[in-house]
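Protein chains in written order, with the numbering used here: chain A, 1 to 345; chain B, 1 to 345.
FYI, nobody ran anything at the bench for these hints, they're computed from the structure.
Hints may be right or wrong, so weigh each one.
For chains that are exact copies, the list does not tell them apart, and a pair is met inside one copy or across any two.
Calculated cross-link-like contacts (lysine-lysine; reagent style DSS-like; alpha-carbon spacing at most 25 Å) [to be verified]: (1) Lys80 to Lys193; (2) Lys80 to Lys31; (3) Lys80 to Lys156; (4) Lys31 to Lys77; (5) Lys279 to Lys80; (6) Lys156 to Lys272; (7) Lys80 to Lys248; (8) Lys77 to Lys193; (9) Lys40 to Lys77; (10) Lys156 to Lys40; (11) Lys40 to Lys80; (12) Lys193 to Lys255; (13) Lys156 to Lys279; (14) Lys77 to Lys272; (15) Lys255 to Lys272; (16) Lys77 to Lys42; (17) Lys255 to Lys42.
There are 2 protein chains.
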Amino acid sequence: MRIIVDAMGGDNAPGAVVEGVAMARDELAGKASLTLVGDKDKIAAAANEAVVSLDGIDIVHTDIAISMEESPMLMAKSKKECSMAIGLKMLTENRRNTYGVVGDAFVSAGSTGALHMGSSLFVGRLAGVRRPGIAVLMPFTPPVLLMDSGANPTAKPEYLYQWAVVGSVYMRTVLGIENPRVGLLNNGTEECKGNEMSVEAHRLLAGSSLNFVGNIEAREIPFGACDIIVCDGFTGNVVLKLTEGMGKFMLGKLKDIYSSGALAGLSYMMIKSKLHDMKHSLDSSEYGGAPFLGLDRPVFKAHGSSDGRAIRSAILGAVRCVELDVVGRMREELDALGIDFADKE
Amino acid sequence: MRIIVDAMGGDNAPGAVVEGVAMARDELAGKASLTLVGDKDKIAAAANEAVVSLDGIDIVHTDIAISMEESPMLMAKSKKECSMAIGLKMLTENRRNTYGVVGDAFVSAGSTGALHMGSSLFVGRLAGVRRPGIAVLMPFTPPVLLMDSGANPTAKPEYLYQWAVVGSVYMRTVLGIENPRVGLLNNGTEECKGNEMSVEAHRLLAGSSLNFVGNIEAREIPFGACDIIVCDGFTGNVVLKLTEGMGKFMLGKLKDIYSSGALAGLSYMMIKSKLHDMKHSLDSSEYGGAPFLGLDRPVFKAHGSSDGRAIRSAILGAVRCVELDVVGRMREELDALGIDFADKE
Numbered sequence: 001m002r003i004i005v006d007a008m009g010g011d012n013a014p015g016a017v018v019e020g021v022a023m024a025r026d027e028l029a030g031k032a033s034l035t036l037v038g039d040k041d042k043i044a045a046a047a048n049e050a051v052v053s054l055d056g057i058d059i060v061h062t063d064i065a066i067s068m069e070e071s072p073m074l075m076a077k078s079k080k081e082c083s084m085a086i087g088l089k090m091l092t093e094n095r096r097n098t099y100g101v102v103g104d105a106f107v108s109a110g111s112t113g114a115l116h117m118g119s120s121l122f123v124g125r126l127a128g129v130r131r132p133g134i135a136v137l138m139p140f141t142p143p144v145l146l147m148d149s150g151a152n153p154t155a156k157p158e159y160l161y162q163w164a165v166v167g168s169v170y171m172r173t174v175l176g177i178e179n180p181r182v183g184l185l186n187n188g189t190e191e192c193k194g195n196e197m198s199v200e201a202h203r204l205l206a207g208s209s210l211n212f213v214g215n216i217e218a219r220e221i222p223f224g225a226c227d228i229i230v231c232d233g234f235t236g237n238v239v240l241k242l243t244e245g246m247g248k249f250m251l252g253k254l255k256d257i258y259s260s261g262a263l264a265g266l267s268y269m270m271i272k273s274k275l276h277d278m279k280h281s282l283d284s285s286e287y288g289g290a291p292f293l294g295l296d297r298p299v300f301k302a303h304g305s306s307d308g309r310a311i312r313s314a315i316l317g318a319v320r321c322v323e324l325d326v327v328g329r330m331r332e333e334l335d336a337l338g339i340d341f342a343d344k345e
Numbered sequence: 001m002r003i004i005v006d007a008m009g010g011d012n013a014p015g016a017v018v019e020g021v022a023m024a025r026d027e028l029a030g031k032a033s034l035t036l037v038g039d040k041d042k043i044a045a046a047a048n049e050a051v052v053s054l055d056g057i058d059i060v061h062t063d064i065a066i067s068m069e070e071s072p073m074l075m076a077k078s079k080k081e082c083s084m085a086i087g088l089k090m091l092t093e094n095r096r097n098t099y100g101v102v103g104d105a106f107v108s109a110g111s112t113g114a115l116h117m118g119s120s121l122f123v124g125r126l127a128g129v130r131r132p133g134i135a136v137l138m139p140f141t142p143p144v145l146l147m148d149s150g151a152n153p154t155a156k157p158e159y160l161y162q163w164a165v166v167g168s169v170y171m172r173t174v175l176g177i178e179n180p181r182v183g184l185l186n187n188g189t190e191e192c193k194g195n196e197m198s199v200e201a202h203r204l205l206a207g208s209s210l211n212f213v214g215n216i217e218a219r220e221i222p223f224g225a226c227d228i229i230v231c232d233g234f235t236g237n238v239v240l241k242l243t244e245g246m247g248k249f250m251l252g253k254l255k256d257i258y259s260s261g262a263l264a265g266l267s268y269m270m271i272k273s274k275l276h277d278m279k280h281s282l283d284s285s286e287y288g289g290a291p292f293l294g295l296d297r298p299v300f301k302a303h304g305s306s307d308g309r310a311i312r313s314a315i316l317g318a319v320r321c322v323e324l325d326v327v328g329r330m331r332e333e334l335d336a337l338g339i340d341f342a343d344k345e
């Protein structure tokens, strides 16, 4: 098994990526090979600075990288040979892959838009998922898979159904949830709620063989109302970012309280480690990178602000998905459901 | 000045409403008259139970009420004479108002959908706002006005612009913010982000005389990025409910920590009152009821779970809006902008 990792993606690249890859290599102990794609000199310098060895890590060199600010469209033009593009191309066995080795999965903490564009250019799509998207596992208890998290701002009802199908396979296979509950994010519980798209999505989901638990209001998401929540990417992106913002806001309010005097400071010392555990439990990176669902090869998006530990988790998560052949399971499920695309679009 | 209050709306009606009205009457000390609309026997019984006097409070009797579960469409049919419908009708001076008195504002904690339907049936619309909606003041520091909070799941770009105009008047007049910053809720900061509706809304807002600060990502909302945030009602409702859910979730996590042992319990005692203050600061009802923007008469929606104190705040908020003639200020602003409705729909 070989995992390809984008050395140049993310706010803390290549340093955090190099650290993460080294950690993962040590933990994997030969179970999977790792390949770093990026500027070999910058990679070497980062390894020196972090005092890690890159023994056993292969490097595919490119001095081209795509940044968060650049247009994802460049993935088709001037950035065709950036580290992210190469990493994606290395997943296939066809003529696009001129890099000497085929990877089983790809991990990048780089621009989400570019990863999405690159995947549509260089990676195949699973028959049955019209619009692949990046699913995010929100670290509630139990965790909740959010799909779509932003790649598809406008969605048709059938996309939500397809996302629910592959999302269910993911939760079943990777998280071991026997019969994952699918919820439709909506403004109220009644079937008629929301906009036209919601009403039709409700109809499709209710008529499917999925374990559909109905409309879920946003306030119920943190409380285990469902295992997968589907919505269009615009709304999903708002959910993702607001969850982040509210978490930060509440922790900030707490910090204000604890900084408000000697007694408060003492109070903090008493529960410091429990607070730390709580913050840690809210860190979604422990589950690995966000999986790109609907592609026919495993691709994972690590958070842009990933540190070494988060990169390591993303790599180990990718290994797990390859071991469990999550994409294979999705392919089987979609075939079995006979999801068909007589091109209606 | 006279404020009409729906005695039968909300989870805790009529008890909480009766308490709230009594509190408000005492604080207003004659500055405004209050009229309760609802079942006079239930109102009297609630007053007895709460040990409050209803001296000086007028009562308009009806034994019909509309519940949270009933279809808002009933406001046009079997519930035409429910307490909410009557309260709305009492705002006008025309033949619909057969109740002997004209109110300056209406407050209800009842069904939002019914209030919205009733307002479209019984209350006029400000020329210049195609689709009135309920704006919610989110209790961040500083507070942020969210519009639309759910009444309009699908919205056209021009609605967002109109909501920004009346929202700005509200924040200027009621909260004293000189030049309220308007943000467009979106998936990223670039102009091209989001769906077609967002892109066009961005164009309209950017080309207007409003203090438009551009796209705002959901994670920035709690941190003072803008004073008013506009979006379609579907997304707005998700923002509203997720904020609520995340607040509750984080406070719950904290409670778990504080219940985890003697030391944690001691820690809690030390900062108990500061925690209480924090919870209190997150309670939006301190600002009054949610104003219905775009109507030509002041209508306020108090939270369904309002207790007496929240009802009292909603009434005092309504008094303030009437004193400041917020609707008049909106009318002037819309006139000045010459917002026109050559019926394009």
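Now for the hints, and whether the structure bears them out:
1. Lys80 to Lys193: between (44 Å within a copy, 23 Å between copies)
2. Lys80 to Lys31: So Lys80 and Lys31 fail the 25 Å test inside a copy (31 Å) and across (71 Å) alike.
3. Lys80 to Lys156: neither (30 Å within a copy, 38 Å between copies)
4. Lys31 to Lys77: Neither, since 36 Å and 70 Å both go past 25 Å.
5. Lys279 to Lys80: neither (39 Å within a copy, 52 Å between copies)
6. Lys156 to Lys272: neither (46 Å within a copy, 49 Å between copies)
7. Lys80 to Lys248: neither (37 Å within a copy, 46 Å between copies)
8. Lys77 to Lys193: between (43 Å within a copy, 21 Å between copies)
9. Lys40 to Lys77: within (23 Å within a copy, 74 Å between copies)
10. Lys156 to Lys40: So Lys156 and Lys40 fail the 25 Å test inside a copy (43 Å) and across (50 Å) alike.
11. Lys40 to Lys80: within (18 Å within a copy, 75 Å between copies)
12. Lys193 to Lys255: Neither: 39 Å inside a copy, 34 Å across copies.
13. Lys156 to Lys279: neither (36 Å within a copy, 40 Å between copies)
14. Lys77 to Lys272: neither (50 Å within a copy, 59 Å between copies)
15. Lys255 to Lys272: both (11 Å within a copy, 14 Å between copies)
16. Lys77 to Lys42: within (24 Å within a copy, 73 Å between copies)
17. Lys255 to Lys42: neither (38 Å within a copy, 47 Å between copies)
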